[in-house]
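J.: The primary structure of each chain is shown beneath.
There are 2 protein chains.
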Amino acid sequence: MNNSMQTVRVELHSGDEDRSYPIHIGKGLLAQTDLLLPHLPQKRVAIVTNTTVGPLYLALLRTALEGQGIASIEITLPDGEDHKNGQTLNLIYEALLAQRCERKTTLIALGGGVIGDLTGFAAATYLRGVPFVQIPTTLLAQVDSSVGGKTGINHPLGKNMIGAFYQPRVVIADSDTLNTLPDRELRAGIAEVIKYGLIRDVQFFEWLELNMIRLVARDPDALNTAIRRSCEIKAEIVAADEREGGVRSLLNLGHTFGHAIENAMGYGVWLHGEAVAAGIIMAAELSRRLKLINEYDLERIRRIFQLAGLPIVAPKFLSEDYFSLMKLDKKVEEGRMRFILLNKIGKAMMSHEVPTSILTETLVTCMANE
Amino acid sequence: MNNSMQTVRVELHSGDEDRSYPIHIGKGLLAQTDLLLPHLPQKRVAIVTNTTVGPLYLALLRTALEGQGIASIEITLPDGEDHKNGQTLNLIYEALLAQRCERKTTLIALGGGVIGDLTGFAAATYLRGVPFVQIPTTLLAQVDSSVGGKTGINHPLGKNMIGAFYQPRVVIADSDTLNTLPDRELRAGIAEVIKYGLIRDVQFFEWLELNMIRLVARDPDALNTAIRRSCEIKAEIVAADEREGGVRSLLNLGHTFGHAIENAMGYGVWLHGEAVAAGIIMAAELSRRLKLINEYDLERIRRIFQLAGLPIVAPKFLSEDYFSLMKLDKKVEEGRMRFILLNKIGKAMMSHEVPTSILTETLVTCMANE
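As given, the protein sequences belong to chains A and B, one line each in that order.
Just so you know, this note's numbering puts 10 at position 10 of the first sequence, and the rest follows in order with no gaps.
Just add 1000 to wherever you are in the second sequence, counting from 1, and you've got this note's numbering.
Covered stretches of chain A, as calculated for chain B (at least 3 residues, CB under 8 Å):
| no. | stretch |
| --- | --- |
| 1 | 88-96 |
| 2 | 100-114 |
| 3 | 126-140 |
| 4 | 332-346 |
It should be emphasised that the hints constitute simulated quantities derived from the structure, not laboratory data.
Where is the CB? At the ideal position from N, CA and C, for every residue including glycine.
Only chain A is shown next, with the shape it has when bound in the complex (with noise of 0.2 Å):
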């Protein structure tokens, strides 16, 4: 029993089709199967980790599962986001060939970021689909990425490139996973916590102002609330906007500039939380410049991702090497770029087109100088 479990849905409605799902947030929920079991259509799963996650985690879910009669199949990938790409995907496909996993085989994505998007664009493409199971092992993941129903891959070319809009049957959030993840991806997590505040809810903002030395100290009941309520926000804006046709493409604050960074540096060496966090400062120095936020609101903005140890510098490039990889996001129409922008705290919108001049004084005054 676990009276501390909070429960999140996303609703999905269309038609006669139900494609809701809840999101299970507490401690200890790894071991507990009756979340999972509903969700399974058929007693076998096929398990998908990396070489860090599965040593932590997988045999006390893959033990649980088994006490319940389910038998699992294990796919290990090696760790880190150099290695979402179209290799690794092929491992999964063929180890669900191989292993004769079937239409109604459920794929479990355990670990961060990288599996859960791999795991999920596996699921949406194996078989043309088979069911999906998300349990997050990493803050990123847990507040975000198991969120929603992006999965995907990088190509050499860009990130994200490659993917499909699959959604899971049920995400399982165990905080106590928590505890093993290193500070630093701790930190990268807390990049997108701040982003639900600022897009959305300048109070949850305010709390995070106030609870962030709770957070980075791993504080449990602090990291319940900031999980649920980025939950709660990400779950409201997909629900109205699935496919990102509108509301959703609001969730991209500072990724346009963050996904630059990170192809510049080479996937892996920043994580994807800290070229989010110099990459909103971006969007906000940005939005200062286009006097949609004033100084004051910017500095506010610079000192809580200082709190959380987080970079608010971007690294040093050319600007035309900015602008270059910038120009492969995937908002980019008619070859114009486009930002999400800061109205103020609480607050984001989509911008039409940024004069060069501006996003150029942007880049300059956010890079490191030397």
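Got chain A sorted already, so can you dock chain B onto it with the hints?
T.: For chain B alone, kept in the frame of chain A given last:
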């Protein structure tokens, strides 16, 4: 103007979302860009074709589009089923990324089933989904693969193992493109046409018995009638069951056997339609042994395939090899193979379990003696 054009609609509604689309069938439609324009969200498209079809029809299509102010990029792939794989898919991704194709850039498949399946899967997964149009140029693609949204690629361990359900915005079946189709490919397409009569429409089957000579001789009216009726039957079935939870699987008559033949021979040695023809004879033989149809029915089925110049004898392999390949079928559930059987000519059903002995006898009866 084209007075003889006919339009079949695939009705796909789910709630507010309407993914229904038209299939336009007739002569000389390739240059009629008014059929295409309403479905293009951007004045830029990427046309995917192959080295056989490109030289015949690409210039005509591009010139017609240009006349309407639509810019197009060209992606020409090698021809053949053995290229329906991850490497060729990656050629499409690379070209789309290199040319900065965006979320609103439409992908147009100009070619047969392989081009349609590859391009559709690229459209389903590039930037998590871009608009897609099918211009099928083989009979097989016009009556089958271009309709219904099945897309995908082969894996060394099995055919069509990786893919997605992804619907086109419009299908344009120009029967003039069949003029350049080799005889062998025309006959392969007729296998799927016969299948529609067998599973769903005894009157259409009888019409085919009477008109097979005209079809094989490429009588334009006979061809257009066969294409239209085939598309109508497929559209009805897809509308009822888009993701193959039930009735749609009846379209797989002969395909469990057929896929095993294709795989055992090596992809591309037998054409898909040829393997399906022999596979349908095997399914019919199995149905007879299960006392669902009688010897007279079986003889009629053999005769119509023979009239179409299609193989009615399966290649010789060990039964165990057939079993092992058939177990890769996507219909396998809990390790049990399931088959589409005939109750009578014009009515198909899904089998539950078939005794191994009857299956073995069926294989032995249907295989070539040497």
